[in-house]
Every structure is written in C-alpha cells, then in structure tokens.
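J.: The lines below spell out each chain.
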Amino acid sequence: MAKVTIDGIEIEVPDGTTILQAARMIGPSVAPPAMCFYTKLKTSGGYCRTCLVEVTKGSDKDPRPMPKLVISCRTTVMDGMVVTNQLSPRVLDARAGIVEFLLLNHPLDCPICDQAGECHLQDLSYENGNYTTRTDFERRTFEKIDIGDFIQLHMTRCILCYRCVKVAEQITDGRVHGVLNRGDLSEISTYIKEAIDNDFSGNMIDVCPVGALTDKTFRFKSRVWFTKPVDAHRDCDKCSGKVVLWYKGEEVLRVTGRKDEWGEVDEFICNTCRFEKKHTADWSIEGVRNISRHSVISANKYKNLVKPNEFHLNDIKAITE
Amino acid sequence: MQLTNRSKVINKKKLNWVESLYLPAIFSGMIITIKHFFKKAATTRYPEEKRYIAPVYRGVHVLKRNDKGQENCTACGLCAVSCPAEAITIVAAERQKGEEHLYKKEKYAAMYEINMLRCIFCGICEEACPEDSIYLTDRILPSNYQRNNFIYGKDLLVEGIKPEERIDIGVRKKHYEMNEKPRV
Numbered sequence: 001m002a003k004v005t006i007d008g009i010e011i012e013v014p015d016g017t018t019i020l021q022a023a024r025m026i027g028p029s030v031a032p033p034a035m036c037f038y039t040k041l042k043t044s045g046g047y048c049r050t051c052l053v054e055v056t057k058g059s060d061k062d063p064r065p066m067p068k069l070v071i072s073c074r075t076t077v078m079d080g081m082v083v084t085n086q087l088s089p090r091v092l093d094a095r096a097g098i099v100e101f102l103l104l105n106h107p108l109d110c111p112i113c114d115q116a117g118e119c120h121l122q123d124l125s126y127e128n129g130n131y132t133t134r135t136d137f138e139r140r141t142f143e144k145i146d147i148g149d150f151i152q153l154h155m156t157r158c159i160l161c162y163r164c165v166k167v168a169e170q171i172t173d174g175r176v177h178g179v180l181n182r183g184d185l186s187e188i189s190t191y192i193k194e195a196i197d198n199d200f201s202g203n204m205i206d207v208c209p210v211g212a213l214t215d216k217t218f219r220f221k222s223r224v225w226f227t228k229p230v231d232a233h234r235d236c237d238k239c240s241g242k243v244v245l246w247y248k249g250e251e252v253l254r255v256t257g258r259k260d261e262w263g264e265v266d267e268f269i270c271n272t273c274r275f276e277k278k279h280t281a282d283w284s285i286e287g288v289r290n291i292s293r294h295s296v297i298s299a300n301k302y303k304n305l306v307k308p309n310e311f312h313l314n315d316i317k318a319i320t321e
Numbered sequence: 001m002q003l004t005n006r007s008k009v010i011n012k013k014k015l016n017w018v019e020s021l022y023l024p025a026i027f028s029g030m031i032i033t034i035k036h037f038f039k040k041a042a043t044t045r046y047p048e049e050k051r052y053i054a055p056v057y058r059g060v061h062v063l064k065r066n067d068k069g070q071e072n073c074t075a076c077g078l079c080a081v082s083c084p085a086e087a088i089t090i091v092a093a094e095r096q097k098g099e100e101h102l103y104k105k106e107k108y109a110a111m112y113e114i115n116m117l118r119c120i121f122c123g124i125c126e127e128a129c130p131e132d133s134i135y136l137t138d139r140i141l142p143s144n145y146q147r148n149n150f151i152y153g154k155d156l157l158v159e160g161i162k163p164e165e166r167i168d169i170g171v172r173k174k175h176y177e178m179n180e181k182p183r184v
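One line per chain: the protein sequences are Y and P, in this order. Counting from 1, position 82 in the first sequence corresponds to residue 82 in UniProt numbering; the numbering is continuous, with no gaps. Counting from 1, position 157 in the second sequence corresponds to residue 157 in UniProt numbering; the numbering is continuous, with no gaps.
Check before you lean on any hint, since a few could be wrong.
Partner residues aside, some chain P positions facing chain Y, computed with beta carbon under 7 Å [as the list claims (entries may be wrong)]:
| no. | residue |
| --- | --- |
| 1 | E19 |
| 2 | L21 |
| 3 | Y22 |
| 4 | A25 |
| 5 | A92 |
| 6 | R95 |
| 7 | E127 |
Pairs of lysine-lysine, BS3-like flavour, derived with a Cα cap of 25 Å [unchecked claim]:
| no. | chain 1 | residue 1 | chain 2 | residue 2 |
| --- | --- | --- | --- | --- |
| 8 | Y | K216 | P | K105 |
| 9 | Y | K221 | P | K154 |
| 10 | P | K105 | Y | K144 |
| 11 | P | K40 | P | K174 |
Label pairs and their in silico Cβ distance ranges [as the list claims (entries may be wrong)]:
| no. | chain 1 | residue 1 | chain 2 | residue 2 | range |
| --- | --- | --- | --- | --- | --- |
| 12 | P | I53 | Y | K259 | 27 to 37 Å |
| 13 | Y | N300 | P | G29 | 37 to 47 Å |
| 14 | P | E177 | Y | R139 | 46 to 56 Å |
| 15 | Y | K303 | P | G59 | 31 to 41 Å |
| 16 | P | I53 | Y | N300 | 41 to 51 Å |
| 17 | Y | T132 | P | G123 | 46 to 56 Å |
| 18 | Y | G80 | P | E177 | 17 to 27 Å |
| 19 | P | I53 | Y | Q86 | 24 to 34 Å |
| 20 | P | G123 | Y | E127 | 24 to 34 Å |
| 21 | P | S143 | Y | D136 | 44 to 54 Å |
| 22 | P | Y145 | Y | K238 | 23 to 33 Å |
| 23 | P | Q146 | Y | Y191 | 51 to 61 Å |
| 24 | Y | D136 | P | R51 | 19 to 29 Å |
| 25 | Y | K303 | P | M1 | 25 to 35 Å |
Hints were generated in silico from the structure; no laboratory data involved. Note that the Cβ used here is the ideal one computed from N, Cα and C, for glycine as well.
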C-alpha cells in the first residue's frame, strides 16, 4: 500500500495504482481529465497529455520534486508522493495549452456534430481551455468515410487518442483498422472501405471521446439532449446485454453501453444489441437513467410529469352536442 | 378592509325629480365626450401608422439566410434547449446533393416550429444561436382565431431569398452585438 496526497487529500492505494486512478478514487473534484486513457483498455493512455499533474514530492525515500509535469495515467504512485492537480497554476496553464493543441485541427462544427452534449473534448475545452483561437490557417480536413455498415468515420474531428484501435485489438478478434502515416499526416483508416464487420466493432463509437466515430443509424436523428436515456437489458448470447436506450417519444433512436461517471462504458455490448434491436419490445426496461443535474442531457426533462389532455376545437364541439 | 382610498361608497338613494329626467347627467357626459374631439388621439391607425419601436423590442422571430441565400440554421437545437418556455421544436435532416444552394451546412432543419402561444419573447434563442440564424424582429405577432395557427413553421419563419423579401434585423443585431460580452 502507498500513501499519496493529491491536492491536499490523503488516500491509501494499492501499489501499482496510477496517479489518475488514485485521484479518481478520491472523486471528480481532484481527478484530472483524460482523453485517451480508458480503464478497460490495456496500454491505453499517454497520447493526449491532458492528465498532466505536478509531483511536488517524489516519495518518502526520495522527496525531490519531479522536474517536469508527469502524465498521471501512466505514472504509478509511490509511498509519500505529493501531487498537485487543480491547485497548481503550472498544471492549469499546461492543460490550457494542451487543449489548444487538440483544437488546432479540430473543426468547430459542434452545431452539426452528433457527439455534442456528451463530447469529452467539448467538456475539456469548456473547463480547461481559453475561449479563443490564436490561429487562422486552414484546418486539416478529410472526406467522411463509412467504415463498416453502421459506423461513420469523420477523420477531421479525430484527436488520435488510439482508443478505437485498442478496442479493435483487445475486444474484437482481428484488427483491420489502425493509424496510418506519421506525425501530422496520421489518420485512422482501414484502407479498404467498409471493412470493419466484427460483432463488437460498435464499441468504437462508445470509446471515441469526440465525434470522429459516430453511429450511422443515429446520424442527425436528434440532438443528445432531446433524447431520454433509459436503462434496459436483454438476453444476448454474445454480450451482457446491459445497455442504455435513448428514447425520443416512443421511439428508440440509439442504443449505447452504460457509461460511468468518467465516461467509460461498464460493459462492452455487441453490434446486434446496438444496431438491430431498436424496439421497446426487444428489451426489458429497468427505468430512467440518472443523469447529473449539470449535464445538458438532463435539460427539459421532468420526473413525475403529468401531461394535460389536449383539447381540439372539434372535441369541444362534440362534448357540447 | 380598505386597501386604497380610491373606492367609492355606492349611494343607493332614490333619484329626485330632476335627476330622474337624466338630462343633466347626459349633458355632462356629452361635454366630456366632445372635449375629447379636440384632444390628441391616444390611438394610432395601425398598420398604416406605426409607433416608435425601441431597439430592445422583441417581436416575431425570423430565420435568416446568408448572402448566398442559404439557410443559416443547422438544426443544432441550442435554441430549443435554451428556450425557457419550450416553444421550439426542431427536426433535423441531412442535406442531399443538389441542395447546396439552399442550406449552409450538411445538416439543416427539416422542420422548425415555434409555438407563439408558448413563446415569451425573451430572446434567449437569439442569444444561444451559434449560426447567426434566429433573430427576433420588430414585427408584431398578428392575432388569430385558431390555436394551431399560432404554431409557426418554416414557411412563416424563414425569410425570402430575394433582396426585397429579406427581413431587416439591422437595428436589433446592432443592439445585440453592442450588448454582447466581448470574447477575450
């Protein structure tokens, strides 16, 4: 066991825990944001550098501070380590810089992006970025391509977090897409259009922190905040079958995995559940999902709403007669 | 309990002979009426004559087009989610090939409805709009006999393509931009 202090809060965690996970054990107020790290995917993290923290005391044995900011998702804790995250102006400054880097090529098309409202990059730039851009050159653009029957890749929005590549590698058998080229030219691609047809490939949509990989069956159907999330499950021979149905009226517009407070799915679901079972009759409903009051998804939703009966002129005439 | 001093106690005593003729009361009433012929009228002859409308006035909405005649609205839904009266309903659709002259981006509002009976003309939709699309104008909402005629669709909201069919929002826009927080 190791004792770490993060933003002045002390916690004892098992050896081998990363700083990010220790911070998450304390709570969302001290946890650094993460764009590429995903608890359920091995070897993820270390690409985006949004989770930079300052280590002001290395350990009890060697109390020297670490000279540079370290990435909390890959750095393991040591006994007596002291970490500052939100309290360090250095970290906040660096994070604002990272946001600026991530947004260098990211288009400002939130009004037409299906991910808006549950986008991690949107939250990150809102909470940690400067509300301005200092560049006016052309952004990197790509053509939209359909990878698989149900998934659309909008490479323009990609921030190269590698999460979808890790999903393909660790959840599905046989990865057919990856990152091609190098540096500024790198892009996610399959080279062969519509090549991804694995049963668990739909999870790439859930793990994508931005709107680069989107559900084609949900494309432009509705904004996220107009849909109502409902927990449901079904007997599926391929996956756990535990999902969230996103309703608009009586219609199921979209099926996703259940995401925890860090935006990571609890259990990966299969493509049959995700894309093909879009009727209430297919599912056993568990109840309305609890959404944070501060999330835009909870906007205009009321518990115990009683709708008044709507009268039309013809109805009133019929009653009087 | 008396709340103000303006209430009058009703006197129900029987009228005397002169009062029962009603003529003095009629004449005094007529004098008041005739006096008003020589005063300035309190009303105006709308719609020929229009009153001054302040730049802060918020009337019927308009969905603007850009200079090329494309609709600015991309059905992002920010107006609808920010609307405190929940008066706005949007259905989005994807722009097809050959429709580029009609819509600015790949997504557009196939249906855009404002329930004018729900709308409180607060102007928050205008403030929320990231695409420079919805504006409130100085036009007054016309009355109607039917409730469903107050649900304004795109046919009533979107301005025309021709220059003479455009709806001027210059005063309103200027006022809005002056009061907008400067983006640092």
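J.: Going through the earlier hints one by one, which of them does the structure break, listed in rising order?
T.: Hints 1, 2, 3, 4, 6, 7, 11, 12, 13, 14, 16, 17, 18, 19, 22, 24 and 25 not satisfied by this model.
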